[in-house]
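Protein chains in written order, with the working numbering: chain A, 1 to 170; chain B, 1 to 155.
Treat the hints as calculated values from the structure; they're not laboratory data. Some hints here could point you the wrong way.
Below are the DMTMM-like pairs computed for lysine to aspartate or glutamate, each with C-alpha atoms no more than 25 Å apart in a straight line [unchecked claim]:
| no. | chain 1 | residue 1 | chain 2 | residue 2 |
| --- | --- | --- | --- | --- |
| 1 | B | Lys123 | A | Asp121 |
| 2 | A | Lys22 | B | Glu137 |
| 3 | B | Lys3 | A | Asp121 |
| 4 | B | Lys76 | B | Glu37 |
| 5 | B | Lys116 | A | Glu21 |
| 6 | B | Lys123 | A | Glu99 |
| 7 | B | Lys116 | A | Glu99 |
| 8 | A | Lys151 | B | Asp100 |
| 9 | B | Lys123 | A | Glu21 |
| 10 | A | Lys151 | A | Glu31 |
| 11 | A | Lys22 | B | Glu140 |
| 12 | B | Lys18 | A | Glu146 |
| 13 | B | Lys123 | A | Glu143 |
| 14 | B | Lys90 | A | Asp121 |
| 15 | A | Lys7 | B | Glu113 |
| 16 | A | Lys35 | B | Glu137 |
Each chain is listed here by its residues.
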Amino acid sequence: MNIDQFKPTLVYAIYIKSTPEKVWQALTTGEVSAKYFFGNSVQVDERIGGAYVVRTPDGALHISGEVIECERPRKLTVTFNVNWPALIEKLGPTLVSYEIEPVGGAVKLTLTESHDRPISDDILSGGRQGWPAILSSLKSLLETGEPLVVKMAPPQRMLDALRALGIATP
Amino acid sequence: MQKPEFVYVTYIRSTPEKLWNALTSSEFSKRYWFATELRSDFKVGSSLALVMNGTTTDVGEILEADPPRRLAYTFKHVLDEDLRTEPATKVVFTLEPHGDLVKLTLTHEGFVEGSKLLDGISKGWPAILSNLKSLLESGEPLAIPPTALGIEGFE
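Isolated chain A, as found in the complex (with noise of 0.2 Å):
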């Protein structure tokens, strides 16, 4: 897959009291995922070309991808297709990288996300809304212990859109 094509529609830096390898860890370990995202549980196969695979609480598919880049625990790129009907035909598959650089006594996260085509403000709604809350909820965890419980539902702006375009959303 060639990354050059994709540009970046958002990136979202957020500075963290923990290691590089603890913030890698709650990257790509379902048990530490499901506490701050969403409940979601992350997997990861970290190797070019493994899977990366969320699942929700009930153990469904949500999203589904490949690890592309990966260089543990400094960055990893894998893509991040929501498991809904039609989307991926619609709108391209998206890529989303986590860089992880030490600084002082504490770790710059870096998320980006990246398409390779124009995607409109209100589908891209929905990762501007969720990115901050699980980002903040994972800083808590590592740096208290306890996340953050933000209860959100999907902006209706990106379902409407999203509809509009025929792709069925739950």
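Based on the hints, put chain B in the right spot on chain A.
Relative to the frame of chain A, chain B by itself:
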């Protein structure tokens, strides 16, 4: 073409009152904002000076102050030779209760095309607001060396 602005959202386990206090008090800001004091009475029309280790780095005027919900001020950099030629920009904080959390949204807007200030604040705000969140949730800010932000002239 999207207008040049910077938006950052974070969720903090705190109350709007405590967060408002942290955004308007030098005692707090010196701990999470790279030793910066916020010199202002935070009343609409009052002046604001950001003073880092005795040196004024940025100045502004309070545009809106609705505690503990919304704070807006103009923001003009006055130290760096290049940045001080850029026009004043606008910083807006909104604080919304979200269950037992507070959703903090920062919007910094009003930049000229190709603004060097926009590049600088885009690197600065995530560090400042990450520090603020740590301070409010754990009582301790992070130890982020200013040089690690990669902002030219900031060390």
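TODO: Please work out if Lys7(A) and Glu113(B) have their alpha carbons no farther apart than 25 Å.
DONE: holds, 20 Å
Open item on the list: Next pair to validate is Lys76(B) with Glu37(B); report whether the Cα-Cα distance is within 25 Å.
Closed with: holds, 16 Å
Task: Pair hint Lys123(B) and Glu143(A), alpha-carbon separation not exceeding 25 Å - done: holds, 22 Å
- [ ] Decide if the proposed pair is consistent with the structure: Lys116(B) and Glu99(A), CA atoms, cutoff 25 Å inclusive.
- [x] Satisfied, since the Cα-Cα distance of roughly 24 Å is no more than 25 Å.
Open item on the list: Against the 25 Å threshold, does the CA-CA distance of Lys151(A) and Glu31(A) hold or violate the hint?
Closed with: Since the Cα atoms of Lys151(A) and Glu31(A) sit roughly 20 Å apart, the hinted pair holds (cutoff 25 Å).
- [ ] Quickly compare the C-alpha distance for Lys18(B) and Glu146(A) to 25 Å and report which way the hint goes.
- [x] Roughly 19 Å separates the two Cα atoms, so the pair holds.
TODO: For the pair we were handed, Lys35(A) and Glu137(B), check the Cα-Cα distance against 25 Å.
DONE: holds, 17 Å
- [ ] For the pair supplied as a hint, Lys123(B) and Glu21(A), confirm whether the alpha-carbon distance does not exceed 25 Å.
- [x] holds, 23 Å
Open item on the list: Given the hinted pair Lys90(B) and Asp121(A), is their Cα-Cα distance within 25 Å?
Closed with: holds, 23 Å
- [ ] Decide if the proposed pair is consistent with the structure: Lys22(A) and Glu140(B), CA atoms, cutoff 25 Å inclusive.
- [x] holds, 19 Å
- [ ] Take a quick look at whether Lys123(B) and Asp121(A) sit within 25 Å of each other, Cα to Cα.
- [x] OK: Lys123(B) and Asp121(A) at ~23 Å, within 25 Å.
Open item on the list: Can you confirm whether the C-alpha distance between Lys151(A) and Asp100(B) stays at or below 25 Å?
Closed with: holds, 10 Å
The earlier numbered hint that this structure contradicts is number 5, and it is the only one.
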